[in-house]
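Model the placement of chain B with the ligand on the given structure of chain A, informed by the hints.
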Amino acid sequence: MIIGEGKPINEILEMILKHKKIIVAGCRGCVTVCSAGGQKEVEILSSTIRLAREKDKAPIEIFETTLERQCDTEYLEQMRNYIDEYEAVLSLACGAGVQFLAEMYKKIPLYPAINTNFIGVTEKQGIWSERCQSCGNCMLERTGGICPITRCSKSLLNGPCGGSSDGKCEIDSEIDCAWQIIYERLMELDLMERFEEVEDIKDWSTSRDGGPRRIEREDLKL
Amino acid sequence: MRAQYPASIRIIKVPCTGKVDLIYLLKTFETGADGVYVVGCEEGNCHFVAGNLRARKRVNRVKEIFKQIGLESERIEMFNLSAGEGTKFVKIAEEMTERIKNLGPSPISKKNIGSDNQETVSINSNS
Ligand code: SF4
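Which chain is which? The protein sequence lines are A and B, in order. Heads up: the first sequence at position 43 corresponds to 43 in our numbering, and the numbers run straight through without jumps. Heads up: the second sequence at position 80 corresponds to 80 in our numbering, and the numbers run straight through without jumps.
Looking at chain B on its own, in the form it has when it is part of the complex:
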């Protein structure tokens, strides 16, 4: 499938979203990402049983932290889809890009991503 997704998205592949620790999510923002979303398998379909459920809890925890420190919690999100749903993947990518565009750039300075353009990071276990 050769579907196009927005160029501002940088994909970080992980073996399972259960590998996504809180600190990874915070670090992506520290290095200047404007938004981050985690794409895991459908709930109930995790090869490691609960990886995607744990990832969701961590995403929620980052949302809480953001609310406390006054950053928009909408900058981070968790999505679930199956590996065969390429079209849905593109839809999510577009939805997230649109959301971040509306929120505007993150107030955190861009450090290591070498560009001032909008950057959304997708942490993905569906390859």
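Excised from the complex, chain A in its bound form:
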């Protein structure tokens, strides 16, 4: 899922400084699961904003809502009948959701309340980590299910580098060396001969190098 994290409250307060009546909109998708932008975070953020503004003698009216998803027009459409009554929308969706909201409602200022960080997993309650950089050409079948693009700090395709020591990456001793994990996993799978094949230079045109990406499926179009 997409993992995000709330922006510092002072940054948010600064963004909405001139507004007196806003919508705080959460999303029930990924950002709910990673506790960055679901209904609960909408409530906490709205309450915090109200307290801060009351304290500064500049009260603010907030309409709290949490849409099913902000990356789908059908749910964004639900804001249509009340959005005009407000001065701005503070969105707790990921960057995709905020942008889609902006595309749909062109006349209202939009502010992001969270930073969208990565595609990742919930390691444990309260701990998330990155697993995928959406390169558009998955190679996990060749690396024992461990992504070297994401998890090797240098995105090496033929690792490890000389900096791998005691299973940790030279970039940070807290980070596991991805290639060490790949090595161990391939050994367990009895696939060590994989290390005899040299991985070719990757075609990055399926990634960001090819510009903004788009998928079209004729079979699904209406």
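Some clues are possibly wrong.
[What the hints assert, rightly or not] In the BS3-like style, the derived pairs of lysine-lysine whose C-alpha atoms are separated by at most 25 Å in a straight line are: (1) B:Lys63 with A:Lys55; (2) B:Lys101 with A:Lys55; (3) A:Lys40 with B:Lys63; (4) B:Lys67 with A:Lys40; (5) A:Lys55 with B:Lys67; (6) A:Lys21 with B:Lys111; (7) A:Lys124 with B:Lys57; (8) A:Lys20 with B:Lys110; (9) A:Lys57 with B:Lys63; (10) B:Lys67 with A:Lys18; (11) B:Lys27 with A:Lys18; (12) B:Lys110 with A:Lys40; (13) B:Lys27 with A:Lys40; (14) B:Lys111 with A:Lys57; (15) B:Lys110 with A:Lys55; (16) B:Lys67 with A:Lys7; (17) B:Lys27 with A:Lys7; (18) A:Lys55 with B:Lys111; (19) B:Lys57 with A:Lys40; (20) A:Lys7 with B:Lys57; (21) B:Lys19 with A:Lys124; (22) A:Lys57 with B:Lys67; (23) A:Lys20 with A:Lys106; (24) A:Lys40 with B:Lys19; (25) A:Lys57 with B:Lys101; (26) A:Lys21 with B:Lys110.
In case anyone wonders, no lab produced these hints; they're calculated from the structure.
Chain B with the ligand alone, transformed into the frame defined by chain A:
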């Protein structure tokens, strides 16, 4: 035990302090409480294992939020005591009342508590 505690304290009973969510704490301040403290069982003695530990983390989070928005973080506190410690309960109530008195009223306007007097909320799982 018929010990007296300050009249400005309003007690909200919860089954376990683990039930105390961040939003409850923020809402008490939004409605005008001058101070809030959570009274849980002794650490290590939670019937639900970690309820009181979670409550402490949430209280700390509210303290952080307060520091960021410029409200005094001393307005919120977590205390632990066992159900039999009535005298300690009174002591905590007095200590918190004194602390809030010194801080003065919260800058948040009083909305739903129907009084302009000092109000401290005690969220309590020890009945
Ligand atoms: S130590 Fe391992 S994870 Fe770090 S850059 Fe080198 S190969 Fe990649």
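For each hint, the structure was consulted:
1. B:Lys63 with A:Lys55: holds (16 Å)
2. B:Lys101 with A:Lys55: Judged against 25 Å, a Cα distance of about 18 Å means the pair holds.
3. A:Lys40 with B:Lys63: Distance of about 18 Å is within 25 Å: holds.
4. B:Lys67 with A:Lys40: holds (21 Å)
5. A:Lys55 with B:Lys67: holds (13 Å)
6. A:Lys21 with B:Lys111: holds (19 Å)
7. A:Lys124 with B:Lys57: Measuring from Cα to Cα gives roughly 17 Å; hence the hint holds.
8. A:Lys20 with B:Lys110: Given that 25 Å is the threshold and the Cα spacing comes to 20 Å, the pair holds.
9. A:Lys57 with B:Lys63: holds (21 Å)
10. B:Lys67 with A:Lys18: holds (22 Å)
11. B:Lys27 with A:Lys18: Distance ~24 Å between Lys27 of chain B and Lys18 of chain A Cα, so the pair holds.
12. B:Lys110 with A:Lys40: holds (24 Å)
13. B:Lys27 with A:Lys40: Holds. Lys27 of chain B to Lys40 of chain A sits at ~13 Å (cutoff 25 Å).
14. B:Lys111 with A:Lys57: The hint holds at about 15 Å.
15. B:Lys110 with A:Lys55: holds (12 Å)
16. B:Lys67 with A:Lys7: Since the Cα atoms of Lys67 of chain B and Lys7 of chain A sit roughly 15 Å apart, the hinted pair holds (cutoff 25 Å).
17. B:Lys27 with A:Lys7: Roughly 21 Å separates the two Cα atoms, so the pair holds.
18. A:Lys55 with B:Lys111: holds (14 Å)
19. B:Lys57 with A:Lys40: Measuring from Cα to Cα gives roughly 17 Å; hence the hint holds.
20. A:Lys7 with B:Lys57: holds (20 Å)
21. B:Lys19 with A:Lys124: holds (21 Å)
22. A:Lys57 with B:Lys67: holds (18 Å)
23. A:Lys20 with A:Lys106: Distance of about 20 Å is within 25 Å: holds.
24. A:Lys40 with B:Lys19: This hinted pair holds, its Cα atoms lying about 14 Å apart.
25. A:Lys57 with B:Lys101: holds (22 Å)
26. A:Lys21 with B:Lys110: holds (21 Å)
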